[in-house]
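Here's the letter readout for the chains.
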Amino acid sequence: MTTVISVPPSLDEQSFEQVIEQLASVPPGEKILVDARHARWASPYGLTALLCVAQSRTDRMDFAVPEHPDTLSYWSRTGFFRYAAELYELHGAVPRAREAHESDVLLEITPITQTEDVHGVVGRIHQKAADILHGQLNLETAATGAFGLTLSEACQNIVEHAELGGWVAVQTYKYTRRLGRRVVVIAVCDAGIGFRQSLESSPTHRRSDRWDDAMALEDAVLRAVSRHRFRDNGRGQGIAGIRRFISRWNGKLTVRSGTARIAITPDWDEDIPLQESLPFFPGAQMQVIVPERIGDAADQARPAGSTARPRGRSVR
Amino acid sequence: MSMHIDVGTVLRGTVCDLYSNLVTRPTGAAVRTAIEQQVNEVATPIVTTIDFSQVNLLDFSCADEIVAKLLLRFTSDEGPKGYLTFRGIHEGHIDPIETVLERHALALVSWHEGEAELFGHVEEIERVHWDVVRDHGPLSASDVARHLQATVDQSAADARVLDTRLVEQTRAQLDHLVHRRLLMCDDAGYAVPGTVPHTGSRTVRGTP
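These protein sequence lines map, in sequence, to chains H and G.
Note that the working numbering has the first sequence beginning at 1, numbered continuously upward.
Note that the working numbering has the second sequence beginning at 1001, numbered continuously upward.
Keep in mind the hints are simulated off the structure, nothing from the lab.
Worth double-checking, as some hints may not be accurate.
[To be verified] Stretch-level coverage of chain H by chain G, calculated; a stretch enters the list once three of its residues show a Cβ under 8 Å from a Cβ in chain G:
1) 35–41
2) 179–192
3) 240–247
[What the hints assert, rightly or not] Pairs of lysine to any residue, SDA-like flavour, derived with a Cα cap of 20 Å:
4) H/Lys128 - H/Tyr173
5) G/Lys1081 - G/Ser1020
6) H/Lys128 - H/Val183
7) H/Lys31 - H/Ser10
8) H/Lys128 - G/His1004
9) H/Lys128 - G/Ser1020
Just so we're clear, the structure is a prediction, and the values are computed from it rather than from any experiment.
Every residue, glycine too, gets a C-beta built ideally from N, C-alpha and C.
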């Protein structure tokens, strides 16, 4: 018997929960078909997380590709099918792989398994990021460096903690429904061991009655706890740096791991800060959204952090 | 003796000649190790300048591995005797560098357009003393105390009455800054690392 997992027509971070819900109830070993025939749109998060679905089970799943030619073409340009073909048994007509050249594909789906991959991602995106962040989203030029830094730290989490390769993708698009302006989105997803298991491997970890995925996310995202802190006090700054980046440019950060999801939410969005007892999905799935900067007042970027001070004047 | 180390060159020579961004912890560790080897090969120069001019992007991991860990080594009691200064720190480097400095309660001296700057975890009283030395040094502890006294009490300064307790407190503060490697001390007095002797100019300028 084959269980059919239906991919929503619009696949983003929110609607991907429907995929996880369907998947969580399927017993191990059962044959699965991921049905994306009716999909019309997918965010970077949706596409990278779909690749993680294939990694989440030992048995190879079937995958029915989207039927609409525009969707097929777009998913192809993001590089999705290049990697999906390695993980799924694809069904349907898949376009021949082409180079990503559309302006909204800032970084096509890229596998992250080792340190060199992070160098590659950061190096490839730099000039494009400058053009889009400064030219299209009206962010200060300083945003480009901070963006690359955010991308680097997010990808390093996979290399250092996931114990299984993951995926990164970056796109810009008009965030019509929630915001009405352009955004740049970074999605970094893996199906590895997740935050809870990673932190449990720290020698200083003390398991408590409350210890679960939600608490692990709070520790890592809000309190900069790292499994490496025991012998190295300098660890755990990556996600804290990402938080500063999204705070400065009025962005949004969400991280899902295991059965929990945490959201650092700006004023233009409503989200639940911490969700617990979600259907289990392995690994960690992170999304960063930074919006176009328009006008003054509330939409302006938040006051700069240390860089707003005169150089070298960080008086305590 | 001083030594200049171009981090961009070290990165390309040590890790990969295609890289221009200092990202990932293994890369930072490799670059730091190469820098330490260079310093050791010349028996620890008095002032070693770490130059970030050729570094495009610096992430938190590399800032921690290179900047923080080098400083931790130099400021430890068993560390090298010399001083570290930095140059080529641009706006994009400041956030990761200051973040790791705060995390470890460290500070560094950076040279930018001929002026020395202080980054990181610095108490107000430390900064006040350091500023006097930067702006007027090399100075003795008495001279620094006199400058500080003049700042708060012009009449006392004019009378050249200098409280000996203030001199001792000033000396202790300056020695603390030397211990943190934010000032150096020699026969000429206290000076910012990287300073060259000035000839009458009010502002001390440096070569790094």
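Structure-based check of each hint:
no.	hint	verdict
1	35–41	violated (count 0)
2	179–192	violated (count 0)
3	240–247	holds (count 3)
4	H/Lys128 - H/Tyr173	14 Å, holds
5	G/Lys1081 - G/Ser1020	31 Å, violated
6	H/Lys128 - H/Val183	14 Å, holds
7	H/Lys31 - H/Ser10	25 Å, violated
8	H/Lys128 - G/His1004	33 Å, violated
9	H/Lys128 - G/Ser1020	16 Å, holds
In this structure, the earlier hints numbered 1, 2, 5, 7 and 8 are contradicted, and the remaining ones agree with it.
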